[in-house]
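Given the structure of chain A, go ahead and fit chain B onto it with the hints provided.
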Amino acid sequence: MPAPAIEFRDVSFARPGQARVLDHFTLTVASGEVLALVGRSGAGKSTLLKLVNRLLVPDAGTVFVEGRDTREWQPIALRRNVGYVLQDVGLFPHMSVADNVAVVPRLERWSAERVQPRVAELLELVGLPPQEFAARWPDELSGGQRQRVGVARALGVDPPLLLMDEPFGALDPLTRAELHAEFRRIQSRLRKTVIIVTHDMGEAFALADRVGVLEEGTLIANDRAAAVAASTDPRVRRLLDAVPVIPRA
Amino acid sequence: MTRLFAFWIAHRAGLASLVGQHVLLVAGSTLVAVALGVPLGIFSARRPRLASPLMAIASIVQTIPSLAMFGFLLPVPFVGGVGARAALVVLILYGLLPIVRTTISGLRGIDAAIREAGVAMGMTPGELLRQVELPLALPSIVAGVRVAAVVGVGSATIAAAIGAGGLGEYIYRGLSMVDTTVILAGAVPAAALALAVDGALLWLEKQLSTRRRSRSRRAAVTVAAIAAAVVMLSSAAAARRSSGAIVVGSKNFTEQLVLGELLAQTIERDAGLPVDRRLNLGGTLICDRALISGDIDVYVEYTGTALTAVFHQPVSNDSSAVFETVRALYAKSGRTLLPPLGFNNTFAILVRGADARGRGLRTIDDAVPESARWHAGFGYEFVERPDGYPGLATTYGLRFPEAPRVMDLTLSYRALAAGQVDLIAGDATAGLIKGLDLFQLEDNRHYFPPYDAAAVARAATLLRYPQVRTALERLSGRVSAADMRALNYAADVEHRDVPVIVREFLARTR
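Top line first, the protein sequences correspond to chains A and B. So the first sequence is numbered by our numbering: it starts at 1 and just counts up by one. So the second sequence is numbered by our numbering: it starts at 1 and just counts up by one.
Because the hints were derived from the structure by calculation, they are not lab data. All residues carry an ideal CB built from backbone N, CA and C; glycine is no exception. Any given hint could be a false lead.
What follows is a set of in silico ranges between Cβ atoms, one per label pair, in the way DEER data are often shown [stated by the list, open to error]:
(1) 125/B / 17/A: 22 to 28 Å
(2) 199/B / 140/A: 25 to 31 Å
(3) 192/B / 169/A: 53 to 59 Å
Only chain A is shown next, with the shape it has when bound in the complex (with noise of 0.2 Å):
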């Protein structure tokens, strides 16, 4: 059986003076999976992201990427490794839309030759024509399309795994509903490993193959998308009671 993606074994992790976030964590995602992470705010679900790609280390346990201990691998080649989309995008603002795209494949000192094309190619994927888009700037891009950057930001150097923080919060619904389908269908294509932290038990039924539900600092719930809409769990029946109901005519 080849290694999950990531591993989290027997993680805790606590911020300086403050209550543990994680507590005896453990949790693995196979490779090409789509893992939605579901919990209230302040449930640790951004600190849990920022384990993966080191900007925390655990304060025991161990979190494994690709089979390698987060504090063996390089920092800097496990983050350009893991594509990162923030919960408020943090596009730079003093870049054109090609150049925030290009960030990740420059750093990894790709030819110009090489970089123009996949930025090309990324937006195209992300539904904004280049043509268009690559020469504008981020504080001329709907919220929307600031989040489709962010995503083909995260992609640039095609890395095998994929973290998304809260990446539509902020949108209104229906351009949401849009992104979610563009989200499948980028997905579809590129089979990433993907881990989603959202606080919306929707948007994680939406998008993910499997839902894991965050409560003081453990799993309470990680079952099919299916099997968790079915919990008896009452407290992760309160989730599923905040997804809103269309009255049935």
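Coordinates of chain B only, in the frame set by chain A:
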């Protein structure tokens, strides 16, 4: 206005050279301040515990008046002393604060999410700094450079006080000659320079802060760099001073400018050596330090001043005894006092001519009864010196209703003539005494020690260039008190050019 333009046209070579020196001082100091301040700002932006004390120190430095700063630096080896080097050090210190501060605030103002994005993309700290942090902080840093450069243009005028040149030379000369035209001749270009620098850097700031293609940003930076280089080179050419020249110094009042010019022309003509004029230095102390450090080779000192202010010896009234004492003291420290020029520039207690005639005042004793209703105004030095005001008051029993007003020596003549004060201590040879109808009260109790003017030179220079000694010794006894008063009158009252006055004088007495 016409006089101002006439002055500029007549002095266009000198003006170009001073503007060149000024630009060089500001550009050089600002560049160094950027080279030091930006890394310092980057370093301390990441260490908040370091940043606050650093900013506090920088702010304190900023509040030290520049003249005081020059004073502090005078005795410091390497960075201190007299001339452009010390001026650069002071200007760099002033420039650091705004640059460090805006670098820190520019870096701290960057959105945490953007910085985190850079780290998460796998940027090394260096890549993050170059590709994200510095480009985003650049407009703020340039704003700081702009403040530093504009403040520098202003502060650089004070550099003339320590012989660093620049447009301050006209301002100081104008102040010492009480000639508005000359003051404006320096002040107007300095103000124009400040506006030009401000405008140029504002343009650069705008180029950098508005979103631009990185190519056009790069173009803007290139244009700025080329412009800076051209300005530096051309001002270096304009400001170049002959090297290997004899450096003549002087203090910062008219008579000293005349005497400095007298020494300079004598050395040029009779010794055949090039001369570098560092006229208009801040005062006795600065001239003395400059002579010790070798920044100047020769200047004219007064025996009484040397005795008390330089060597801190008790006051004496015997002219030749004072000369011998001072010559021996100078000789001990590697300096040679040349024979007296021929006049005694003692302090002159002056009142308005009208008062003297109206009340029949002739001596200082005569003025004592009047002093109870009078206001006195004295220069800074006179208030402090052991042969100055305190001893004078005791000797004659002068009692003014309030403490004397301390003012610039040359302005005190005007203040007296205008009735703002009633008694001042001026120079016996001042041309303004005649020009403003002032009257010198006789020192009937012989309070003031003799102030025989004599050139004092570095012994090493005289050994190396014996022809300088021969030339200067030929000036011995050649300048009478009447000559000096006439020379000062021509400069101060008739506003004639000092080099011309001196050339005519030398031609007449040859």
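query: Any of the earlier hints contradicted here, and which numbers?
result: Per hint list: zero violations.
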